[in-house]
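Chains A and B are the protein sequences, given in the same order.
Oh and the first sequence: position 80 is 80 in my numbering, straight run, nothing missing.
Every position in the second sequence, counted from 1, becomes a number in my numbering once 1000 is added.
Keep in mind the hints are simulated off the structure, nothing from the lab.
Even glycine gets a Cβ: it sits at the ideal position worked out from N, Cα and C.
A couple of the hints might just be wrong.
[Unchecked claim] Here are the simulated lysine to any residue pairs, SDA-like style, with alpha carbons at most 25 Å apart:
hint, chain 1, residue 1, chain 2, residue 2
1, B, K1243, A, Y207
2, A, K51, B, W1247
3, B, K1243, A, S266
4, B, K1305, A, P152
5, A, K51, B, H1169
6, A, K51, B, Y1307
7, B, K1305, A, N213
8, A, K51, B, A1304
9, B, K1305, A, A151
10, B, K1305, A, Q26
11, B, K1171, B, L1303
12, B, K1171, B, V1291
13, B, K1243, B, H1169
14, B, K1305, A, Y109
15, B, K1305, A, S201
16, A, K51, B, M1188
17, B, K1305, A, R206
18, A, K51, B, K1243
19, B, K1243, B, S1222
20, B, K1305, B, L1284
21, B, K1305, A, S266
22, B, K1243, B, D1092
23, B, K1243, B, L1303
24, B, K1305, A, S311
25, B, K1305, A, W70
26, B, K1305, A, L105
27, A, K51, B, K1171
28, A, K51, B, R1090
[Unchecked claim] Cβ-to-Cβ under 8 Å is the rule here; a few derived chain B residues that face chain A:
hint, residue
29, L1041
30, L1157
31, V1158
32, I1160
33, G1161
34, G1230
35, T1286
36, L1287
37, V1291
The lines below spell out each chain.
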Amino acid sequence: MIVLFRVPPLSGISALFSTGFGGYQQFAETMVISTPLLIMAVGLSIPFSAKFWNIGGQGQYILGSIVSTWIGLQIVGTLPPFLVILVALLVAFLAGAVWAIPPTLMKLYLGTSEIITTLMMNFLAVFLLNFLVLGPLEGPGARAFHVPSSAPIPQADMLPGILPGTGVTLGFVLALLIAGLLFVVLNRTRFGYEIRLIGQSPDAARYAGVSINRSIMVSMAASGGLAGVAGMVQVFGSTGVLLPQVFSDITTSFGYVGIPVALIASLNPAAITLSSLFFGGILNGAYGMELLYGIPVDVVISVYGLIMLFSLLGLSIDLGKVMNRLRRVR
Amino acid sequence: MGFDVGSVISAVLAGMVPRAMPALLAATGENVDEIGGILNLGVEGIMLMGCITAFLVDYATGSILLGFVAAGGVGMLFSFFHGVASITLRADQVVSGTAIWFIGWGLSGVLYVAAFGFSASPVKINTLASVSIPYLSGLPIVGQLIFGESPVFYLALVLIGGIQYFLYHTKPGLNLRTVGEDPRVAEMMGVNPIRYRYGALLFGGLLAGIGGAYITLVIVGSFDYDMTAGIGFVAVALVLFGKWRPWRVFIGALVFGGIYVLYLTLETALPSLPYQFLEMWPYLATLGFIVVVGKRANPPAALAKPYDRGE
C-alpha cells in the first residue's frame, strides 16, 4: 500500500515506526492515543469472551463522552476538580452501559443479531452527538475557530499529567488499573469462568447452572460502561472539548479499532495492554507517514484488518502445529 | 408547515428503487451466503471496494460496464479471502468478516487518495442513465416507479426470481440449503459442503461488489470516503428481516429505499427539523425492522458454524 504512493517502502515504514515508537515524546504520544483504546479493548474482551459480539463500542464511547462532558460542564466550579472527574467517570460509565442495554435485551429476548443492533446504535449515537455539538451543547464562540465544539472543560478539571513535557495523564494509569482488575475478574473469578464457558458452549453453561441472560447482561453493561469511560478519558485527558464526528473517521473510531486490539490479544487483558500500545503506535506513526509522504492515515484501518486476517490464518495453522509438537515432546 | 404530501409521496415512489438497489444487491448476495451457512460481515468492506473499483475503472476507461465487471471481480476476490479464513481454516466468521470490512474500509479511501491526492473537490464520472420504457413510463406514479429505472434494476428483478427458483426448485439449490442446515447430512448425500460454501460466498461477493459499484456508477457519480455509511450492515439486517427468503429481502430493501428517500425529501421540505434526526431514520428503521420480525426468525441451523470434514 505504501508503494502506491511511490514512496520507498522502507522509508515509509521507518517513518511509521519513528513517529510511533521512536523516542520519549513519540512514545508518550502513543501512550496518549492508547489510553482510550486500552480501556475500550479491555471492555470489549468481556462480552467477546462469551462470543457476544459488541460492535457498538463506538456508540457507547460517544454516549460516555457526551454525558460526561455535559454533566462535567454543569458542575465545574461548584465541586473540587477530583470530584468533578470522579462524577464524570461515573456518569460516563452509566451512559455507556445504558446505550449497550437495548441491543442486549433484543438479543436475549428476541434473538436479534447483536452485531447488527449494536452497530445501528453507533449510527444513532453519531447523529445524536453531532446534533448536540452543533446545537444545545455548542460552546460560545466555538465556531470562530471553524471547528464547532462544546465549551471547553477548564484546565484545572482535566485529568492531571503524569509525565512532564508530554500529554500523558492519569488516564493511562487508570487504564492500566482497569486492565489489571479485568485480568483478575476474567481469569480468577467465577464470573470470568462462566462467560468463557458460555462462549465455548452455551449448552454446557446451561447444564452447569449458569444464568446465561444475567451473565450476558452484566458483561455487556460492563463493556458499554468501560467504552463510556474511554470516551470520558478522551475528553478529560486529551481533547478537552466534545467534537463532532464524521462517520467512521479512523482517528476517532476507538470503538472499532478496539475490536482487533482485543482479538489480537486473545481477549487477555494483560496482552491487550501491549496490543493497544502497538495499535496506538501504528496509528500515531500513520500521522507521521501522512505528514511526511502524503499517505492518508486511513491506511491503518486496512493494516488492522490485515493483521486480524493474518493472525487468523497464523493462529489456525501455526498454533495447531505448535500444539501437536508440544504433545509429541511430552 | 407548508409542504405538499402528494409531492412527497411521489418523490418517495420515484426515488425508492434506485436507493434500494445497493442494499438489495448486497442483501441478496448475503442471503445466498447465509443459506449456505456462511455469515459474511465483510459486505460493508466489499461494497466499499466495489465503489472505488468501479469508480477508478470508469474513470480510466470511460466504460460503465467494465466498472461493474471489475467491481464484481474485486468483490469475489475479497469474499474469497473470507472463504479461505472461515471455510478452509475454520476461523471465526465474525472475526474474519470484520477483518474484511476493515481492509475494504481503509483500502478504498487509500486508493482514492493514491489516484487523486487529497483534493478538496470530488472527481466526477459519468453515471448510467436510466432507461425509460416508452409509453409505459408515462403512466402516473406507477409508470416512473416500474418502467423508468436503470437497466440494473430489471436485471435484479430477473436475478431475484432466478435465485428464488434456484434455491427452492432445483437440486443444487436444495443441496446448498442442506449444506447450510447440516453439512454432515449434505456430505452423506454426496455433496461437497466446502465447494458449495465457496460457490455461495463468491456469488455473494460478486453481488456485493456490484452493489457498491451501483452507488458510484448510478447514484452518486463520485467517490467519498466510507460512502456506504453502513449500507453493508443494513444488507445483513435485511436478510434477517427477509427471514432468508429472496423475495422478502427484496420487499425489505424497497421499504428501506423508500425510508431513505423519505428522509432526503423531508430534509428539504422541513428545514426547521434538525437534520441529524432525519439522518437517523434509515438506521432506526432498520433496528425496528429486525426487532419486529426478530422473534420468529429461523436461521439456517449451521449458520456461522465452521465445518470440519474430519480429514
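Each hint, compared with the structure:
For the given pair, K1243 (chain B) sits about 30 Å from Y207 (chain A) by alpha-carbon distance, which is inconsistent with the 25 Å threshold. Annotation: proposed proximity of K51 (chain A) to W1247 (chain B) is violated, straight-line Cα distance about 31 Å (limit 25 Å). For the given pair, K1243 (chain B) sits about 33 Å from S266 (chain A) by alpha-carbon distance, which is inconsistent with the 25 Å threshold. Of the supplied pair hints, the one linking K1305 (chain B) and P152 (chain A) is violated, its CA atoms being roughly 49 Å apart against a limit of 25 Å.
A hinted pair counts as satisfied when its Cα atoms are at most 25 Å apart, and K51 (chain A) with H1169 (chain B) does not qualify at roughly 36 Å. A threshold of 25 Å between alpha carbons decides the hint, and for K51 (chain A) with Y1307 (chain B) the separation of about 18 Å falls inside it, so the pair holds. At most 25 Å may separate the alpha-carbon atoms for a hinted pair to count; K1305 (chain B) and N213 (chain A) meet this at roughly 22 Å. Annotation: proposed proximity of K51 (chain A) to A1304 (chain B) holds, straight-line Cα distance about 12 Å (limit 25 Å).
For the given pair, K1305 (chain B) sits about 49 Å from A151 (chain A) by alpha-carbon distance, which is inconsistent with the 25 Å threshold. Only pairs whose Cα atoms come within 25 Å are accepted, and K1305 (chain B) paired with Q26 (chain A) is rejected, the gap being roughly 43 Å. Taking the CA atoms of K1171 (chain B) and L1303 (chain B), the gap is about 20 Å. The hint holds against a cut of 25 Å. Of the pairs offered as hints, the one joining K1171 (chain B) and V1291 (chain B) is violated, with about 34 Å between alpha carbons and a cut-off of 25 Å exceeded.
Taken as a hint, the K1243 (chain B) and H1169 (chain B) pair is honoured in the structure, with Cα atoms around 18 Å apart against an allowance of 25 Å. Between K1305 (chain B) and Y109 (chain A), the direct Cα distance comes to roughly 22 Å. Compliance with the 25 Å bound is thereby established for this hinted pair. This hinted pair checks out: K1305 (chain B) and S201 (chain A) have alpha carbons roughly 13 Å apart, not beyond 25 Å. A hinted pair counts as satisfied when its Cα atoms are at most 25 Å apart, and K51 (chain A) with M1188 (chain B) does not qualify at roughly 30 Å.
Restraint check for K1305 (chain B) and R206 (chain A): the C-alpha separation of about 20 Å stays at or below 25 Å, so the hint holds. Pair hint K51 (chain A) plus K1243 (chain B) holds up; C-alpha atoms about 23 Å apart against a cutoff of 25 Å. Straight-line distance between C-alpha atoms of K1243 (chain B) and S1222 (chain B) comes to about 34 Å, which puts the hinted pair past the 25 Å bound. Taking the CA atoms of K1305 (chain B) and L1284 (chain B), the gap is near 29 Å; set against the 25 Å cutoff, the hint is violated.
With a C-alpha separation of about 20 Å, the suggested pairing of K1305 (chain B) with S266 (chain A) holds against the 25 Å cut-off. Between K1243 (chain B) and D1092 (chain B) the alpha-carbon distance is near 23 Å, which keeps this suggested pair within the 25 Å criterion. For the hint linking K1243 (chain B) to L1303 (chain B), the alpha-carbon distance of about 13 Å falls within 25 Å, and the restraint holds. The straight-line distance between the Cα atoms of K1305 (chain B) and S311 (chain A) is roughly 19 Å, inside the 25 Å bound, and the hint therefore holds.
At most 25 Å may separate the alpha-carbon atoms for a hinted pair to count; K1305 (chain B) and W70 (chain A) exceed this at roughly 44 Å. Between K1305 (chain B) and L105 (chain A) the alpha-carbon distance is near 24 Å, which keeps this suggested pair within the 25 Å criterion. Taken as a hint, the K51 (chain A) and K1171 (chain B) pair is broken in the structure, with Cα atoms around 35 Å apart against an allowance of 25 Å. For the proposed pair K51 (chain A) and R1090 (chain B), the alpha carbon gap of about 16 Å is at most 25 Å, so the pair holds.
Interface restraint check: L1041 (chain B) against chain A, minimum CB-CB distance 7 Å, threshold 8 Å, status holds. Violation of the interface hint for L1157 (chain B) is found here, the shortest Cβ-Cβ separation to chain A being roughly 26 Å, above the 8 Å cut-off. Interface hint at V1158 (chain B): violated, since its Cβ lies 28 Å from the closest Cβ of chain A, which is beyond the 8 Å cut-off. With a cut of 8 Å, the hint placing I1160 (chain B) at the interface with chain A is violated, because the nearest CB-to-CB distance is about 22 Å.
Hint status for G1161 (chain B) relative to chain A: violated, with the closest Cβ pair at about 27 Å, above 8 Å. Interface hint at G1230 (chain B): satisfied, since its Cβ lies 6 Å from the closest Cβ of chain A, which is below the 8 Å cut-off. This hint holds: T1286 (chain B) has a C-beta 6 Å from the nearest C-beta of chain A, less than the 8 Å allowed. Satisfaction of the interface hint for L1287 (chain B) is found here, the shortest Cβ-Cβ separation to chain A being roughly 5 Å, below the 8 Å cut-off.
The beta carbon of V1291 (chain B) comes within 6 Å of a beta carbon in chain A, closer than 8 Å, and the hint placing it at the interface holds.
Going through the hint list in order, the structure does not satisfy hints 1, 2, 3, 4, 5, 9, 10, 12, 16, 19, 20, 25, 27, 30, 31, 32 and 33.
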